[in-house]
Structure formats: structure tokens, C-alpha cells
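**Q** Please model the complete structure; the sequences and the hints are all you need to start from.
Here's the letter readout for the chains.
There are 2 protein chains.
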Amino acid sequence: MIEVCLLGSGGMMPLPDRRLTAMLFRYKGRLLLIDCGEGTQLPIKLAGWGFKAIEAILLTHYHGDHVAGLPGLLMTMGNSGREEPLTIIGPTYLYEVIKGLCVIVPKLPFEIRLIELPEEEINTINLGEIEISTLPLEHSMPCVAYCIELKRPPKFDVDRAISSRIPKKYWNRLQKGENIEYNDSLFTPEMVLGEKRKGIKVVYCTDSRPVEGLSDFAKESELLILEGMYGDNDMLSNAIEKQHMLFSEAAEIAKSSNSKELWLTHFSPSVKNPEEFLVNASSIFSNTFIGKELMFKTLNYED
Amino acid sequence: MIEVCLLGSGGMMPLPDRRLTAMLFRYKGRLLLIDCGEGTQLPIKLAGWGFKAIEAILLTHYHGDHVAGLPGLLMTMGNSGREEPLTIIGPTYLYEVIKGLCVIVPKLPFEIRLIELPEEEINTINLGEIEISTLPLEHSMPCVAYCIELKRPPKFDVDRAISSRIPKKYWNRLQKGENIEYNDSLFTPEMVLGEKRKGIKVVYCTDSRPVEGLSDFAKESELLILEGMYGDNDMLSNAIEKQHMLFSEAAEIAKSSNSKELWLTHFSPSVKNPEEFLVNASSIFSNTFIGKELMFKTLNYED
Numbered sequence: 364m365i366e367v368c369l370l371g372s373g374g375m376m377p378l379p380d381r382r383l384t385a386m387l388f389r390y391k392g393r394l395l396l397i398d399c400g401e402g403t404q405l406p407i408k409l410a411g412w413g414f415k416a417i418e419a420i421l422l423t424h425y426h427g428d429h430v431a432g433l434p435g436l437l438m439t440m441g442n443s444g445r446e447e448p449l450t451i452i453g454p455t456y457l458y459e460v461i462k463g464l465c466v467i468v469p470k471l472p473f474e475i476r477l478i479e480l481p482e483e484e485i486n487t488i489n490l491g492e493i494e495i496s497t498l499p500l501e502h503s504m505p506c507v508a509y510c511i512e513l514k515r516p517p518k519f520d521v522d523r524a525i526s527s528r529i530p531k532k533y534w535n536r537l538q539k540g541e542n543i544e545y546n547d548s549l550f551t552p553e554m555v556l557g558e559k560r561k562g563i564k565v566v567y568c569t570d571s572r573p574v575e576g577l578s579d580f581a582k583e584s585e586l587l588i589l590e591g592m593y594g595d596n597d598m599l600s601n602a603i604e605k606q607h608m609l610f611s612e613a614a615e616i617a618k619s620s621n622s623k624e625l626w627l628t629h630f631s632p633s634v635k636n637p638e639e640f641l642v643n644a645s646s647i648f649s650n651t652f653i654g655k656e657l658m659f660k661t662l663n664y665e666d
Numbered sequence: 364m365i366e367v368c369l370l371g372s373g374g375m376m377p378l379p380d381r382r383l384t385a386m387l388f389r390y391k392g393r394l395l396l397i398d399c400g401e402g403t404q405l406p407i408k409l410a411g412w413g414f415k416a417i418e419a420i421l422l423t424h425y426h427g428d429h430v431a432g433l434p435g436l437l438m439t440m441g442n443s444g445r446e447e448p449l450t451i452i453g454p455t456y457l458y459e460v461i462k463g464l465c466v467i468v469p470k471l472p473f474e475i476r477l478i479e480l481p482e483e484e485i486n487t488i489n490l491g492e493i494e495i496s497t498l499p500l501e502h503s504m505p506c507v508a509y510c511i512e513l514k515r516p517p518k519f520d521v522d523r524a525i526s527s528r529i530p531k532k533y534w535n536r537l538q539k540g541e542n543i544e545y546n547d548s549l550f551t552p553e554m555v556l557g558e559k560r561k562g563i564k565v566v567y568c569t570d571s572r573p574v575e576g577l578s579d580f581a582k583e584s585e586l587l588i589l590e591g592m593y594g595d596n597d598m599l600s601n602a603i604e605k606q607h608m609l610f611s612e613a614a615e616i617a618k619s620s621n622s623k624e625l626w627l628t629h630f631s632p633s634v635k636n637p638e639e640f641l642v643n644a645s646s647i648f649s650n651t652f653i654g655k656e657l658m659f660k661t662l663n664y665e666d
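Keeping their order, the protein sequence lines are chains A and B.
Under my numbering, read the first sequence as residues 364 to 666, first letter to last.
Under my numbering, read the second sequence as residues 364 to 666, first letter to last.
Derived by calculation from the structure, the hints in this document are not laboratory data.
Treat each hint with caution, since some may be false.
One copy or two, it doesn't matter: identical chains are merged, so the pair holds either way.
[Claimed, not checked] EDC-like cross-link-like pairs, simulated, lysine to aspartate or glutamate; straight-line CA separation at most 20 Å:
id, residue 1, residue 2
1, 559, 624
2, 470, 459
3, 531, 520
4, 655, 380
5, 470, 604
6, 514, 482
7, 408, 380
8, 605, 666
9, 531, 597
10, 559, 541
11, 531, 665
12, 408, 418
**A** So, in C-alpha cells, the structure goes:
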């Protein structure tokens, strides 16, 4: 099970009635945060999952609306009594940006570990049982989409383990994927594991034009969160110029990736009522929702 | 006439129902902003005076709750089409802080002019007809109080000007304080100006312990805005340790400075209902008000 919470739905700048886009994930009491614009610490507080358990902050890119709230959040986390190291992941310029913003952050009671993503097509980072992958996007600065995946191990086949005479003490390690040498035998996970099982996959993408690999990257996701800067199809030239997406373009990606559900977010301040344009997406991909502050969802394994 | 607007009343961190302390001044359509914590651009928007006319930003110090909103505000000002230079004033470390925070600010359509205050007892800067003075405070980093003063020129005495045979074309320059040499005569402002007249003086002070010079600095102010981190007198040891003030300490300063009105602000998140402690200040200085977001006041000359 993964719980998600969309923390805001705005793009460019916070508005009195619309907080900036960011997202919180909870798995076994540990939290991951994607992006941290000005004011993001407020919906985190309102979400009620606390600040202390934030294990990692994943930054899509370094425009202010995605990162300017970081110094404030770090200070609030420091005040919450956190002592465990915090991981911050982001594309090129991460070191420079964190160094700059932290000029106003006093000494924190926890260590910050930075992971600046290499400029590869796909990067994968394992954080406990969660696998984080990134895909480069097309924006006015280095920017990545994130895939958060909780892998599900295949079922353990007790009958096969017994018939292969594998001592019980190795079962757990085999299920976790280890090979075991025992006397002259080699026990492999394949000997005891059943068919692959689908995990839980959530893909988050702001800010970008639709890029070629995105549909594959989001393939079969349970939940796809995509930016929809403009709702009106007539805004295509603005979307191209500012390197953002239309609702309809986001819906095409949800459809071609065979995702289960699409949340649109990161609306331009000029889009006063995003619901008005929902039909431009739902006519292409019916299971589309307009993102809102504190929109929660619990994602479970399929069966 | 000066109009003022308190933009928030919180200290340490923004809360869902309490924005951070900052203040906006309007004089002849030009704006001055004191401090810019995370989210301060939102009450500025709600105040309705616009972003474009902000002529200068005065920073008291560089704790996040006073400065972390600066990158977002600069970007919003850039988006508002502003092109005139912006002045930012602050104590020691101003260059370093602005350079750090601006790592996420793209190229702006206006120039930023920095005035880092020398470590003097009192600094005075003239911004058009407004005189800005600063006083060093006692906090955990360099921090200053600001005095915003609209000086009022003395009345021009037409009868004396005529009897002193001063040509009319020099009257205006004399009223502005210039000496004029004319043939073999020297005309001085004293020859034509009446008694001094009181201007409009507003003093703003967060964060600090009460310091010796503060009462003098705030002398006869029309409006005194002071931090009141804690309302309860029993919190004195916390106030001393964290270098903040109690409501009662602020009220003592309002009283001894003979100010007209006191606004308390910068409440600790632990102070849920500041009104509850108002009596601790008003019993010392009766004209005390609990600061609130979007508290406006228009200050006029005395007569």
C-alpha cells in the first residue's frame, strides 16, 4: 500500500486560493516529497503526516515554484526534532541550488545527503523497498519526471522449495532475490518464486512538453500526475513557447501509457477554473481528475 | 499621508492560519516592504496595492521567516512587468544572502541595487521624501529596526519673504532647504520658514530583546510595530534565551518612547491566541493592538 497526497495544484506562483504543486507519498510510515515550492510546508502540515518522517525530497527542477520553499521546510523539519539524515535528489545544478538556498538555513540537527542525477536517459535509485526512476523532460532547464514504484515480490512456492530440498533457513533470502550456495548446490530465486506480480507505480511529471519516452515511462501506472498548464486547446502556442502541456496532451499520454488514473495539476494562474476545461482531457482519457490541494488516494496491490 | 498594512503576524514559520510578519508602506503610490518571509507575496497580492510599485525592500535580518519569500516575490515582480530598479536594504551579509537566494531566480527585467548597512549605531538613507533610519538590535545575527519617517517641511512665511525682499523665484528652493546667493545677499531657509512641524514616524522592530537605544529611536512615533514573541510573562527565560520580547516588554518601550499606538506581532506558533495576553501589554500601554494579517492604517499629519 502507498498513500499519496497532492499538496497543491498551482504553477508559476502561489495564489491566495491555490497552493503550488507538490506531492507527498507515504509508505510504511516513511514519507517522500516531490518538489517544495513557496508555502509547500503548509499543506504538508495540513496533511497530518508530520515533518519528521520525510526521508527524501525529490526535486523535478529548480524554478522557484518547485523549490523556493525548501529553506523553510528544512528549518521546520529541524524544529520538529528530526535527526536522521535527509536525502535530496534532483537533476543537474542540485549542489549549486542547495548551497545557494541554504545560505539562510542555520545549522540543522540532521545531515543532508545530495544525489545529483547523472544526465542519463533513465536513472534508478532504490530507497528501501521503493524504486525511484527518473526521465529527462523538455523544459527551459534540466528537469525530470519521477516514477515511484513499490515492487511486489513474486509469491513464494513452498511446495517447490520442499521438493527442491532447500533448507527453510534460506527461504527468506531466496525470496528477496539472493542466490545461495549450499554444499555443492546453488539455490536460485527462480527455483522457489512464482510468477511476477504487478507492484504499485505512480508517475509524476511537471514541467514539460510531452516527450517521446514519457508514455513508456508511465506504462501501466496506477496513478499518473501530469502538468496541465493550460486547459484550452487554443493555448497550444503558449504551451509550446513556455514548454508546458495542455490538458488534452496530458490525456493523450495517460491513454497511450495505459495508466489507470490521471490527475492534472500545475495550472497557470490565468486558468481560474480548471474544471471548465476537464472535458478536453476526459474526452480522450475518461478517468481524469482535476488536481486539488489535499487530494488523497490510497493505492493497493491489485489483489 | 502614509498608509501601512501589516501583512502577517507570525514568527518562526508560516502556519495555515497565520502568515509571517512583514509590512507594506504606501506613500504617493510608491511602496516600501519590510521583510519577506515564505508566502509574503500572498498578502501583498491581497492588500491590492500591486507588486509593480515596490520601490525598496528593507530586510531586518536573514532568518528564513523574514527573507525566504524573496526569490518568489522577485519573480512575481518580474512577471508584473516591472522595469524600474529595485533597492534592497539590509544589515551585514546582504550581498551573500541575495546572491545565495537568487540562485533560483532567472534573469529579471529590472536591476537590483543592494545597500548593505554599515555597522553603525544609526544609519540614515533618504528615499525621495521618505527618510529611513536603522538601529542595531540584539538578536542571534545582525538585525536592525527600521524607522520610516515622512518629514514635514515647516510652513513658508510669505510675509517674511516679502519683507526680506526675496525674489519669488527662490521661494520654492528656500522652502526645500537650499541657501541662495543673490547679488551680494545670502538668503537662508531660516529667513522664510516657520517653526518645525512634526512629520509622520513609524518604527518597526523584529526580532530582538529590548535594547537600550530603542525607546529613543521610537520617540514620539505615530505607530510602533514591535515583536511580541510571547504573551505570557512567565516566558521571560525563553524570550531571553531566544532573543525575543514579551508583550509586556514591548509595551514598556511603547510607553517610554511616548509612541501613539503599538501593534504587537511576530507571535510564536506556541501562542495560539495572542488576544488572551493582550492585557499584559495594555495594562502598561493602553493603546496596544494585536497584529493581524491585512491590518491597515492611514497616518496623517497632525493637523
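**Q** Each hint: holds or not?
**A** Taking the hints in turn, this is what the structure says about them:
| no. | hint | in the structure |
| --- | --- | --- |
| 1 | 559 x 624 | neither (23 Å within a copy, 72 Å between copies) |
| 2 | 470 x 459 | both (18 Å within a copy, 17 Å between copies) |
| 3 | 531 x 520 | within (12 Å within a copy, 106 Å between copies) |
| 4 | 655 x 380 | both (11 Å within a copy, 19 Å between copies) |
| 5 | 470 x 604 | between (41 Å within a copy, 17 Å between copies) |
| 6 | 514 x 482 | neither (25 Å within a copy, 59 Å between copies) |
| 7 | 408 x 380 | both (17 Å within a copy, 11 Å between copies) |
| 8 | 605 x 666 | neither (42 Å within a copy, 54 Å between copies) |
| 9 | 531 x 597 | neither (64 Å within a copy, 64 Å between copies) |
| 10 | 559 x 541 | within (16 Å within a copy, 89 Å between copies) |
| 11 | 531 x 665 | neither (29 Å within a copy, 91 Å between copies) |
| 12 | 408 x 418 | within (16 Å within a copy, 34 Å between copies) |
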